[in-house]
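S.K.: Kindly produce the complete structure, drawing on both the sequences and the hints.
Going down the list, the protein sequences come from chains A and B. No gaps in the numbering here: position 159 of the first sequence is 159 in full-length UniProt numbering, and each next residue is one more. No gaps in the numbering here: position 184 of the second sequence is 184 in full-length UniProt numbering, and each next residue is one more.
One should not assume that every hint holds.
Stated by the list, open to error - Covered by chain B, according to a simulated footprint, are these stretches of chain A (three or more residues, beta-carbon under 8 Å): (1) 24–30; (2) 118–129; (3) 165–174; (4) 186–199.
Claimed, not checked - Some chain A residues well away from chain B (every beta-carbon gap over 10 Å; in silico): (5) Ser15; (6) Trp94; (7) Ala146.
Keep in mind that the hints were calculated from the coordinates and are not lab data. All residues carry an ideal CB built from backbone N, CA and C; glycine is no exception.
Below, each chain spelled out in residue letters.
2 protein chains.
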Amino acid sequence: MPRDGTATRSRILDSAERLVKVNGYAATSVDQVITESGTSKGAFFHHFPSKLDLARTLVQRYADADVAELREAMAHAEAATDDPAERVSAFVRWFEERDEALLGEESNCLYISILTERELVVDGTSDPILGAVVAWREELTRLIGAALGDREDAPDPEALADHVFVTFEGAFLLARSTGDPTTMRRQLRALRQMLEAVLR
Amino acid sequence: MPRDGTATRSRILDSAERLVKVNGYAATSVDQVITESGTSKGAFFHHFPSKLDLARTLVQRYADADVAELREAMAHAEAATDDPAERVSAFVRWFEERDEALLGEESNCLYISILTERELVVDGTSDPILGAVVAWREELTRLIGAALGDREDAPDPEALADHVFVTFEGAFLLARSTGDPTTMRRQLRALRQMLEAVLR
DNA sequence: CTCGTTCCAGACTGCCTGGTCTGTTTGTAG
DNA sequence: CTACAAACAGACCAGGCAGTCTGGAACGAG
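M.R.: In structure tokens, the structure reads:
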């Protein structure tokens with residue numbers, strides 16, 4: 001086997017992820033990706049048969065990392081306490097205490113760039129996003145359902161679970177329009193306080 | 001003054017809004033807009049000096065309508081009851097009971113398409129979005145602040161106010177990835193229940 | 001009716017785009 | 001050392017893109 005191309009491939013993916021998160025998919029040209037990654041046309045189309053194929057790889061990689069982070073937060077919450085309601089709090093707080101990668105001003109979510117373009121949804125490029133959404137939903141529905149118990153006026157645990165995803169995506173957008181780097185942290189805090197109130 | 005061009009201009013704006021909401025701004029070509037609106041290159045560039053200028057007009061128009069809807073919901077909530085907490089509930093419920101335009105499967109938000117592309121943010125195209133965000137924040141902070149009273153452990157009313165905007169945008173994205181048309185309604189319901197719990 | 005302005009149609013242009021192709025280098029297997 | 005395939009580099013291409021330009025049609029003013 002000849003020289004190793006995985007480093008080049010990773011540089012392309014990293015540059016592409018950054019550019020797509022910042023500018024969107026359609027507004028990002030492969031030439032931009034090539035320039036920023038310091039590679040070439042030949043290298044790009046050697047590793048990815050088309051720009052769309054890059055998008056698919058990108059989404060899959062990002063969604064995998066997203067689910068991994070979910071598991072991590074979930075493990076943390078379950079290790080922290082046995083009380084179901086407190087576990088929900090611990091779960092959200094895990095993200096509140098995250099460093100600048102998630103909370104900073106330049107933070108972005110690849111999902112937004114992909115879901116913005118309907119073509120990428122109908123052709124299946126966004127499928128891994130749905131996979132991640134379902135993973136979040138299932139894990140959190142379990143956690144929240146346990147905290148809700150069997151109250152008669154209990155709200156829909158699945159909707160509450162989905163609302164965590166909703167808060168993340170909505171906060172990313174709000175942060176973009178305001179330019180306020182504290183947005184994500186404040187929204188996560190508000191989410192946690194509301195969940196604590198509804199689970200009380 | 002010669003013949004009236006406002007109808008043509010409106011057709012262009014309507015088609016463009018639909019296309020941009022569905023496909024994003026960069027992925028929407030001027031030719032597409034021309035075809036869908038049944039006009040021509042000449043008509044388009046007569047009414048809009050550039051594609052970017054179309055985007056600016058589009059965002060301004062959409063944000064104005066958005067703020068108008070805010071005022072409408074606010075007036076409804078204030079007319080419904082005098083109790084501050086119940087006003088918050090009435091406000092959210094106003095949107096829950098909306099018809100398919102907001103809640104249907106094909107519902108979209110122009111804000112997402114615009115905020116996705118950073119260029120449109122830095123060059124000021126997204127400024128009307130910030131105006132709308134601030135309008136929502138101010139009105140809702142007032143409403144929620146009144147409902148919170150002066151409790152010592154009270155959560156940040158501004159963050160809760162912003163969370164309404166966050167819920168809308170996040171739910172739009174969630175609906176896109178799942179394809180479930182009940183998403184928006186369920187998320188609004190969850191938001192209302194959480195607000196009711198935290199304001200109790 | 002004439003004149004002038006607005007409104008619009010569509011051919012046209014140059015640039016940028018995603019993608020191809022040819023050639024060269026790099027490493028490994030035998 | 002030879003052979004061969006993977007890993008690039010960069011010239012090249014066809015199509016699509018935003019934007020221009022010219023000509024004509026539709027009105028109101030005088």
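S.K.: It remains to establish, for every hint, whether it holds in the given structure.
M.R.: A quick look at each hint next to the structure:
Under the rule that three or more residues need a Cβ within less than 8 Å of chain B, the assignment of the segment 24–30 of chain A holds, with 4 such residues. Restraint check on the segment 118–129 of chain A versus chain B: 5 residues with Cβ-Cβ distances below 8 Å, three needed, restraint holds. Against chain B, the segment 165–174 of chain A contributes 9 residues with a C-beta closer than 8 Å to a partner C-beta. That satisfies the three-residue criterion, and the hint holds. Chain B is given as covering the segment 186–199 of chain A, and this holds because 10 residues of the stretch bring a CB closer than 8 Å to a CB of that chain, at least three being needed.
Every Cβ of chain B is farther than 10 Å from the Cβ of Ser15 (chain A); the closest lies at roughly 15 Å, confirming the non-interface assignment. For Trp94 (chain A), the requirement that its beta carbon stay farther than 10 Å from each beta carbon of chain B is met, with the minimum near 19 Å. Under the 10 Å C-beta cut-off, the non-interface status given to Ala146 (chain A) relative to chain B holds; the minimum distance is some 17 Å.
Violated hints are absent here; each numbered hint is respected by the structure.
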